[in-house]
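Visitor: If you want the building blocks of each chain, they are given just below.
Number of protein chains: 2
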Amino acid sequence: MATLPDKRTDFIEWYLAVVETAELSDKRYPVKGMNIWTPYGFRARRNLDRILIREIEATGSEAVEFPALIPQTEFAKEKEHIQGFDAQVYWVTKGGSTDLDVPLVLRPTSETAMYPVFAVWVRSHRDLPMNLYQIVNTFRYETKTTRPFIRVREIHFFEEHTCQVDEDAATARVRSNLDAFGRMAAAFGLPYVAVRRPEWDKFAGAYYSIALDIPVGAARTLQIGSVHHYRENFSRPYEIRYEAADGGSRYAHQTTFGLSERLLGAVLAVHGDAKGAVFPREVAPYEVVVVPILSATSGDAPMRAATEIVERLTRQGLRVHLDDRDDRPGAKYYYWETRGVPLRLDVGARESSARTASATDRLGTRRTVSLDALETEVEGALTAFDQALLAKARHEFAASFELASTLDQLKESQHVRQLAWCGSEACGHAIEHAIDGSLLGVPEGPPPLDAPLPAECIVCGQRPGVRWALAARPL
Amino acid sequence: MATLPDKRTDFIEWYLAVVETAELSDKRYPVKGMNIWTPYGFRARRNLDRILIREIEATGSEAVEFPALIPQTEFAKEKEHIQGFDAQVYWVTKGGSTDLDVPLVLRPTSETAMYPVFAVWVRSHRDLPMNLYQIVNTFRYETKTTRPFIRVREIHFFEEHTCQVDEDAATARVRSNLDAFGRMAAAFGLPYVAVRRPEWDKFAGAYYSIALDIPVGAARTLQIGSVHHYRENFSRPYEIRYEAADGGSRYAHQTTFGLSERLLGAVLAVHGDAKGAVFPREVAPYEVVVVPILSATSGDAPMRAATEIVERLTRQGLRVHLDDRDDRPGAKYYYWETRGVPLRLDVGARESSARTASATDRLGTRRTVSLDALETEVEGALTAFDQALLAKARHEFAASFELASTLDQLKESQHVRQLAWCGSEACGHAIEHAIDGSLLGVPEGPPPLDAPLPAECIVCGQRPGVRWALAARPL
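Top to bottom, those sequences are chains A and B.
Positions 0 to 474 (numbering that gives the first Met the number 0) are the ones given, in order, by the first sequence.
Positions 0 to 474 (numbering that gives the first Met the number 0) are the ones given, in order, by the second sequence.
Don't read these hints as lab results, they were simulated from the structure.
Please note that a few of the clues may not be correct.
The list treats identical chains as interchangeable, and a pair is accepted whether it falls inside one copy or across any two copies.
What the hints assert, rightly or not - In silico DSSO-like cross-links for lysine-lysine, where the CA-CA straight-line distance does not exceed 30 Å:
1) Lys93 <-> Lys31
2) Lys76 <-> Lys26
3) Lys143 <-> Lys26
4) Lys410 <-> Lys391
5) Lys78 <-> Lys26
6) Lys78 <-> Lys391
7) Lys274 <-> Lys143
8) Lys93 <-> Lys410
9) Lys26 <-> Lys93
10) Lys31 <-> Lys6
11) Lys331 <-> Lys26
12) Lys31 <-> Lys274
Could you put the whole structure together from the sequences, leaning on the hints where they help?
Guide: In structure tokens, the structure reads:
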């Protein structure tokens, strides 16, 4: 039983070891940065998708799927966008032994695949709002070091693209997306901060970008999603126009909402511990594992009880796994701990004759559950586990931020810094230079730390327009 | 309301019109043969996937996902396989502005992506059987005419790949797959025939191939899936070996099972009629549509009743849609008929005051359902609809075959021909030449038509090895 690297001091090494030990992803595929979703990892991904689908469809968005290949001619229409992605797209240049007349891009994101068709679909104000999403894989020729789930070259991706009647309606859609993300994050047990990125760091082609960031490791952050307001930046080059109620012709205002498998990386990064992965129940490949403990004298009563438990909980709609492998109980406990299963139920001779099971959750809380009240007691144990996990995550989240009132504090902090900024690009770059990192931007709503806003910018000391901002080194 | 082309005389034109009228797929994407899954089409696809997942997982198969890009070096390892696909693969040759050292193939199927990794995963007989499946998109540079769902260049694809201890175990897996397909086909209401393809028409690299065929149009057939036994044909070049219980090193025997969005095309082709699409309930985007019928004197009682119906049926787990658009009832009836919804419930003033709804299924059967017994009566109506649809499909299936006892009958038949064949390649090609089509092969189990097997081959008149075979022009 190998010991994992220390999460605090060697975050990335710890993270890589957690993913590998839990067998969530296999990186032995012969293309760098393109990993295999193993059976166990795929179960987690399916749960991730289910949560995303449930919450986005609750807001009236509908699923579609556009092709993976985009003609060069369409890809090149919005200048900033093409510049933003040009260096990191894969090109399909041949079909069989024939050179293609028009080279095709493997989608890095789907604006340029969808919007030529949106121009056909959107005709009248009665077609709006049009809220469509897809869950597909996207491709980026990453030059940075790849990491499972966090930075890969084939990305499991969620993207919503909407068309709205005007800027206000698009702003309202951005709000609705942020609310939906709040509900998704609750299922993942992930505290986060929504931050409006500075001008120089917004998405290629966006009017503005709101990123969803979480603190990870020491003073690092990870962007786990984003919501963008495009105004008319894409609808003009792609000619997405509609006939308004007054008969006039208007360009649609557009928004997008992007998430990815990185959410799974975030779940591992935030909840994982010295023993390995820890999954909140909604994402867990199995919510419950049942381990029958057999001995020379136990007979088959523990196995019969274990089977009954699995059947009853499965009927209840839970994801349950019976570990009936021929192996020592201790080895099984270790195995399921590294894999992050929320609740383990052990049944030996004593338990089966008392019609009970011994329940241990992934945070170490033990209790005895009675088979007579199995369903309610397991439900109670899982709910208590999720609450404890969220409380722990919230505590660590709050402890990740630090106020920086001076440039020296800014430089020396080992946390994500909360600071006062005048909003100017010059001061923004000075902050980034000071920490060798990024100005994440201005929090939407209250900042992580509740403190009185200083009167002056941390860099220039000027007063006008001072606001809270966050700064850190993104992972 | 445009009339559709005649299904019997202009099958393909009829099919294309059904897909377009029902708005299941949009072919206005600017890459030929790569179509868009519309919201309505995507709902059908999701149901298709759900049925496949349910039935394959019931046989102990687990979901994985391998990357979409395959290095040329791995792709080229099995010679027949590469020859079979070489002319129809897309090549990725550039990342950003860099030429890739090793060109990458966009998977046309995943043998060559998976098997180098299977060689690492399979170590011992305890790792076997290994039954893994994935649902992904595959890519083929088709040179034939493309058709929505039936022949496309980006294909929504199901593929199971298994490793077994020996040939018998692999044969048993082939059987298990055929049984699983039987359960899937029942959900789709699709009668079919499993046919062992002749040697010259098997899958590239297979030991043998069993195709799943359905009759469509006049004397045509459509292959809707296949199960292959690979023996050691791939495990040898990819070195998939395991340590047997006796300590020896053996090559795994492999099987695959492939299905695709073509199943959706088959559902449309088989069940569709002069009015448009007809969906069996399990595949239907919506099982029930509710249409409130409002008039100047109706008040809001019909709308309240319609809303109650939608809420109750949704709670019951049904896929229900409320059509509250501001449009004439007749226009709505037509709209949902072309889209193939199994059951429509209309509620006007008379129905709402009587606490009833008027139910019309897609085959035209009408009944009145009482809101007091809504759930059971709707369930009963849907079950009766599915049974009637299957009976109709079975009748048409049986009528699609014809016995051919002479070469003249073989040539003149306007059906799928059932004939006696000696098994030789020469006679097989003579049959294909005679009908300008294909010898589909030998049915697994009883042939479609129950008749005494002739003593002699229809071509050479020889006796040894005579068996039933089927011949037709594949679509």
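Visitor: Could you run down the list of hints and mark each one as holding or not?
Guide: Each hint tested on the structure:
1. In this assembly of identical chains, the alpha carbons of Lys93 and Lys31 lie at most 30 Å apart whether taken from the same copy (22 Å) or from different copies (15 Å).
2. In this assembly of identical chains, Lys76 and Lys26 lie within 30 Å of each other by CA distance solely across copies; the values are 21 Å between and 36 Å within a copy.
3. With identical chains, the CA atoms of Lys143 and Lys26 are at most 30 Å apart within one copy only, with a shortest distance of 16 Å there and 37 Å across copies.
4. In this homomeric assembly, Lys410 and Lys391 come within 30 Å of each other (Cα to Cα) only inside a single copy, at 28 Å, whereas the closest approach across copies is 77 Å.
5. Taking identical chains as interchangeable, the C-alpha atoms of Lys78 and Lys26 lie at most 30 Å apart only when they sit on different chains, with a minimum of 27 Å there against 35 Å within one chain.
6. Within a single copy, Lys78 and Lys391 get their C-alpha atoms no closer than 45 Å, and across copies no closer than 56 Å, so neither meets the 30 Å cut-off.
7. Within a single copy, Lys274 and Lys143 get their C-alpha atoms as close as 29 Å, which meets the 30 Å cut-off; across copies the closest is 55 Å, which misses it.
8. In this assembly of identical chains, the alpha carbons of Lys93 and Lys410 never lie at most 30 Å apart, being 51 Å within a copy and 41 Å across copies at closest.
9. Proximity of Lys26 to Lys93 under the C-alpha cut-off of 30 Å is found in both arrangements, the shortest distances being 28 Å within a copy and 22 Å between copies.
10. In this assembly of identical chains, Lys31 and Lys6 lie within 30 Å of each other by CA distance solely inside one copy; the values are 25 Å within and 50 Å between copies.
11. Proximity of Lys331 to Lys26 under the C-alpha cut-off of 30 Å is restricted to the intra-copy arrangement: shortest distance 25 Å within a copy versus 52 Å between copies.
12. For the homomeric pair Lys31 and Lys274, the shortest alpha-carbon distance inside one copy (28 Å) is at most 30 Å, but the shortest distance between copies (51 Å) is not.
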